[in-house]
Amino acid sequence: MDFAVNILALGVPFSVALLIASLGEMFNQRAGVFNLGCEGIMAMGAFLGFLAPFLVGRGGPTAEIWNYAGILMAMAAGALMGIFFGLAVVTFRAPQGIAGIGLQMFGVGVAGTFFRHFVGGTQSIPGIPAMPIPLLSKIPVLGPILFSHNPLVYVAFLLPPAAWYVLFKTPWGLRVRASGANPRAADSIGVKVNLVRFQALAVGGALAGLAGAYLSLCQAKMFSDEIIAGRGFIAVALVYFGHWRPLKITGGALLFSLAQALQLAIQGRGINFPYEFAVMLPYVLVIVVLAFSRENLLLGPTALGRPFNREIRT
Amino acid sequence: MPQEIVNRISSLRMEGITKRFPGTLACDDISLSVGEGEILALVGENGAGKTTLMNILMGLYRPDEGRILINGSEVVFRSPNDAFAAGLGMVHQQYMLVANMTVLENIALGYKRAWSPLRVDLEMVRARIGEVADRYGLSVDPDAFVWQLSIGEQQRVELVKTLCLGARFLILDEPTSALTPQETDELIDLLKRMRSELSIIFISHKLHEVKNLSDRVVILRRGSVAFEGSTSEHSPGEIAALMTGREVVLPKNEAPCCEGCEALAIRGLKVRSDRGFLAVDGLDLSICSGEIVGLAGVSGNGQRELAEAINGLRSVEEGEILFFGRDIANLKPGEVIAEGMGYIPEERNTEGIVPPFSMKENFILKDSGDPHYASRSFLRLKEIDRNADRLREEFDIRSPDTRVAAGSLSGGNIQKVILARELSRAPRFLVAVYPTRGLDMGAAEFIHKRLLEKRAEGMGILLVSEELEEVLDLSDRIAVIFKGRIIDTLDRDSADSRKLGVLMAGVKESGDEAV
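Quick mapping for you: the protein sequence lines, in order, are chains A and B. In this text, residue positions in the first sequence follow the working numbering: the first is 1, and each later residue adds one. In this text, residue positions in the second sequence follow the working numbering: the first is 1, and each later residue adds one.
These are computed hints drawn from the structure, not numbers from a lab. Among the hints, erroneous ones may be present.
Between beta-carbon pairs, the in silico distance windows are [claimed, not checked]: (1) Asp82(B) - Ala94(A): 26 to 34 Å; (2) Phe292(A) - Arg20(B): 45 to 53 Å; (3) Pro161(A) - Ser410(B): 46 to 54 Å; (4) Pro236(B) - Ala162(A): 38 to 46 Å; (5) Ser375(B) - Phe273(A): 39 to 47 Å.
Here are the simulated lysine-lysine pairs, DSBU-like style, with alpha carbons at most 35 Å apart [as the list claims (entries may be wrong)]: (6) Lys112(B) - Lys270(B); (7) Lys112(B) - Lys248(A); (8) Lys169(A) - Lys112(B); (9) Lys192(A) - Lys112(B).
Yeah, the Cβ is synthetic: ideal placement off N, Cα and C, and Gly gets one too.
From just these sequences and the hints, can you work out the full model?
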């Protein structure tokens, strides 16, 4: 029982970075652009989120405000990187896969270089502390699993319903979905497809930046070159797994994180099991699940990956 | 009530419109005008510039030269929004609907009055749809997803959408090309009713519709106006001649039925579609050598799946396909080809050719390993060139040479490349799926002649088509497919377009709905 509670209590905060990043990626893909550079934006977000409190406190305690300044910087930089990506793939119609890999390398590389320049070696920060919710966190079992985390975890779990509402109930969501599913139809009815795609990329980028800042400020409380560890790519995979639906994506993020928590727990308990395989477990799980989740082409963004140009006749 | 926001359009003029695309002059100094309550038919062959001209009118393309005048004053449309605001609306040839959204959402996408930053007022859109539906007698289900609707229903949604957005001037781009004859009649009746309130530009190349509906006709040829006049003063034959610039007489199959042996016999065939349901569901069909059997039906009733199953491109769940006595169900495509099957696929650009390959390479796609074209793993280039030159000549393919990428050719020429490849391999049987879809009359005439020649030489042909005239002209027998089954087979002499239209809608002569 304790073992299970531990895994769940560990898995929930693990899922947050994935959840935020994949909801951002979902907006990108719903508008018709897949951004493989998510990993790079997360790396920049992680670095900038770390940088603000570090510069002020030099590793020591700082006022809370600097943590949140770091988050804002990470989101702004993420949005900018999203727009920059849009310039390449929307305006200049570069192939999205290649441009995305370029953005990933750019983000990871720049974050690492700046880190060595401004910080130097491994340094930790106090980060954002946990904020157990009074009373609720005392409930047995549910308390530690759901109500004993840092504030960003609670915010992250408000995001899926918010994303669902935006996507399905607002005019902007309608435009995003139409631009990703049938840009020609959207265009014919007066939607500015490429503008919508830029907007979605900015939103997606800001969320990826936030996801990165969560990792450095709340989870690791430090920055290193490997801090993202492929989560950006997992986020992209989760969007497919979740069929571009916020609630299913949340399920995917939780599933993956619980597998990761399980793997840590197995190692921690010293169960006689080769740890290399344990580390592999969550990734293998993603591949297996993706292989078995059949894509329903009718529900998703059918023009995903295709640049839109009104005057190219087909 | 949000209504009548748009001012009346008492006249619309396009003057000197010119539009160039890389390598082509799509519109060359075109002028036309439409008055209030008038129906103007815009006709011309494919590539004559009709659609481009209308896209300019809707603000989708910017003209290189020329101007548009509404009620005598010049307007400039930078985007479709400007055109909607002026009261124009267009139903495009390929319906502009988002398949994975509901009808309601599709209309809400353009209905800005129902938008507030945080919410779309779907109830307001629903009310507006109801209002338009009542007024014009166009019923649609607002909560259905577009992908669930038939082509005819989708068109109705397009019309409702356009009217909801306040159009006083309708542009219809080949509205009847995908409809059954009954749906076509309904549409024409509807448009006739609407003319009291709206002006309409109607693009078509079905001349009897033009004759039936329009007041005036403008004929475009190669991007410029070839003729303009009142419809009632000209016969369909005259209009056809003006359209193509010469007399075109589509050939007819008038030879007596020849008594060949049974070439293809399909029994109890069941095949699944991409979406997993049985698209061909217990189909029986038999075709003899030296016979053309036309398979008529509204597209989407299992034609594609049937053709693919015969050619080994789709697995057969049940039943047999006897080809000169041998069951070819579930053979690999290569084995079916080796049995002597020829195939003109539905999608000529993606299934019929490899677009970036040169024309001569496309000619030998099925024979690249044949000793005639390859020796010891090397291609025999001279032989390939000789073959290509011969076929280009024989099939009258218009291209600078045989090295051009096949994908750069026009639709008619691509179809001739496919036809040349298939027929030159001297197959024992041919499956031709929509062989003339979207082609102009000149190219269609050529293809029809070739098919009839091959029939006379004793080849059996399965002709899948949704053009009733094509089926009636060429076939010895006509089988009508509905929901994956042949609901009836008629002889050429006993078939006419009315009977076929009724069958295509799934109704047997006795009046029963077929299941």
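- Message: Run through the hints listed earlier and report the numbers of any the structure violates, in increasing order.
- Response: 4, 5, 6
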